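Respectively, the protein sequence lines represent chains A and B. When we follow this note's numbering, the leftmost residue of the first sequence carries the number 1, and every step to the right adds one. When we follow this note's numbering, the leftmost residue of the second sequence carries the number 1, and every step to the right adds one.
I should point out that these hints are in silico values taken from the structure, not numbers from a laboratory. None of these values were measured; they are calculated from a predicted model. A hint or two may mislead.
[What the hints assert, rightly or not] Quick look at which bits of chain A chain B covers, simulated, 3 or more residues with Cβ under 8 Å:
no.: 1; region: 61-69
no.: 2; region: 121-132
no.: 3; region: 150-158
no.: 4; region: 187-199
no.: 5; region: 221-235
no.: 6; region: 243-250
[As the list claims (entries may be wrong)] Label-pair ranges, simulated between beta-carbon atoms:
no.: 7; chain 1: B; residue 1: Asp7; chain 2: A; residue 2: Thr139; range: 46 to 54 Å
no.: 8; chain 1: B; residue 1: Asp7; chain 2: A; residue 2: Asp37; range: 47 to 55 Å
no.: 9; chain 1: A; residue 1: Ser33; chain 2: B; residue 2: Ala247; range: 27 to 35 Å
no.: 10; chain 1: B; residue 1: Asp205; chain 2: A; residue 2: Thr139; range: 22 to 30 Å
Where a beta carbon is used, it is the ideal one built from N, C-alpha and C, also for glycine.
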Amino acid sequence: MAREVVEGVHWIQEYTSSQIDEYDLDTPEEVFSYLKDNPDDWYNIGANTMSAYLLQDEKSLLFDTLSPAAEDQILRELDDILGSDGLDYLVPSHTDVQHAANSFAILEAYPDAELISPQWGEKHDLYHLQDARFVDVGTTLELGRFTVEFIEPTFPDSAIHTWLFEHTERILFTVDWFGFPVLPDETLRFVDEFDGGFTLDRLYQFHALVVFWYQYADLDKVDREIDHLIERFEPMMLAPAHGNVARKDAVEYMEMIKSVAANVRDEGRIDIAMNKKFDRGGE
Amino acid sequence: MAVELADGTYWLSKCFEITETSHLHVSVYLIENDRGFTLIDTGSHNHLAEIESETREIVGDQPVNSIVLSHIDLPHAENVSPLMERWPGASLYSAAGNPATAGIPDRIFLGQGPKDISGRRYEFIQAPLADRQHTLWTYDTTTEILFTADGLGNYHRPNQCTAVSTEIDGGIEPEDIYRFHKYELRWLRLVDPEKICADLDTIFDEFDVEYIAPIHGNPIQSVDVDDYRSDLYESIRRLDNEYWEAAETA
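The following block holds chain A by itself, in its conformation from the complex (with noise of 0.2 Å):
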């Protein structure tokens, strides 16, 4: 499934399977009751999700490429919006499966695309990046209509790693940051179309989940990074890797999760096995 953002802009969403067939919540005014209630269950109502961005212009880049559950599903999209056109650019935001795991089964079906990679450390070839294009922080492609610059991935997980930002539309891709977990019936709806609204509780159920060291935050740090990104790129839209995309109030969105870091610091982390019902299962 794929939706545009803006021209030239899609947005592909890959959704894993929900919980929420065993909970008796019939509309979305009783599944926002319950979750304010029962804020844990969030995960098990929602999804975790993810997204890639192909931004199609004079050329054409692709900002990561969806779970290794989904290699079909990206390449028919990429079928179906670039028909007989190919991909320029491959970017990977960083090495992660959920995000790079489809690189060779892309660059297979798209021989001529060019793999990007942020230069950070010397250990690329761990990764199969040996043979990519190493961009450094402030490198910028031009696509024809829209720019794209490789900017310093605020809150990164993992080592190699970059966010992106598109100046035309100002869209900041945020990768791990801004996730949240999604209902089912808001796959490819923007924020500001989700009913019963957005409330800190999501954001803070996946970054107290997954960016676990908000726990030892100092938040005049975090604070000042976000400003500085406010700043910097005044961006119109939030594009991230494991939410929706948000195409307005960007800012108050990251203002928000200012809040969000400051109770996972005061709340803890959350539980890796808390918000998930598993089968504990043993030899």
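The hints should help you fit chain B onto chain A, whose structure is shown.
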């Protein structure tokens, strides 16, 4: 090359050359149990053949019956499929939430806390130093070895590839500890050093540690643990100082 850290626990030291003078370990560990062997992580594609042959040499006719993944990242989980093909009876343990999206076979879920694997009691600890949120440190209650995945590592020199900490003249170089954490855990620059150091202290208060066994570093013998921790904490404080110095000049 395999180094026996404790009776039945082996460090399969594998190296990645970052520069001519600086290497990065990409290790796996093998633990004998009463039914075979447990692998901690599976290493990089660069070393698959060596890992397989060294493991075969150690286990002999016994099976690798369990594989414990610290987290899903290529240098740790890349060889799951070929090794499970070689030892098809092995059970896979991981904290990855969704095996399909993590690109691994079906797994037995791990969360923090105690768990018996192949008749041996382990404690799994949510990692305070990690590059993936689902990373678990593994504490073997039998040998008191703490397997720390991407945490508590170091870059090393070419003559230190198979050395444990006590075999390194002068000990693990503090600069190698600092550089490792600066380049591998980029988020460390944004933390409150005292908060994370306090959290690390609680782990060492709770668990007696005979060895720290990182994937990306030299195993640290108990006599060197305090010095390593001191150097690590200084590294984190140094990153904090550097952050604010850069902020002042920005």
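For each hint, the structure was consulted:
1. 61-69: holds (count 3)
2. 121-132: Held - the region 121-132 of chain A has 7 residues with a Cβ nearer than 8 Å to chain B, which meets the minimum of three.
3. 150-158: holds (count 5)
4. 187-199: With 0 residues closer than 8 Å to chain B, the region 187-199 of chain A misses the three-residue bar; violated.
5. 221-235: Satisfied; 4 residues make the cut.
6. 243-250: violated (count 0)
7. B:Asp7 - A:Thr139: 46 to 54 Å: At roughly 53 Å between Cβ atoms, Thr139 of chain A and Asp7 of chain B fall inside 46 to 54 Å, so the hint holds.
8. B:Asp7 - A:Asp37: 47 to 55 Å: holds, 52 Å
9. A:Ser33 - B:Ala247: 27 to 35 Å: violated, 44 Å
10. B:Asp205 - A:Thr139: 22 to 30 Å: violated, 46 Å
Of the hints listed earlier, those the structure fails to meet are numbers 4, 6, 9, 10, in rising order.
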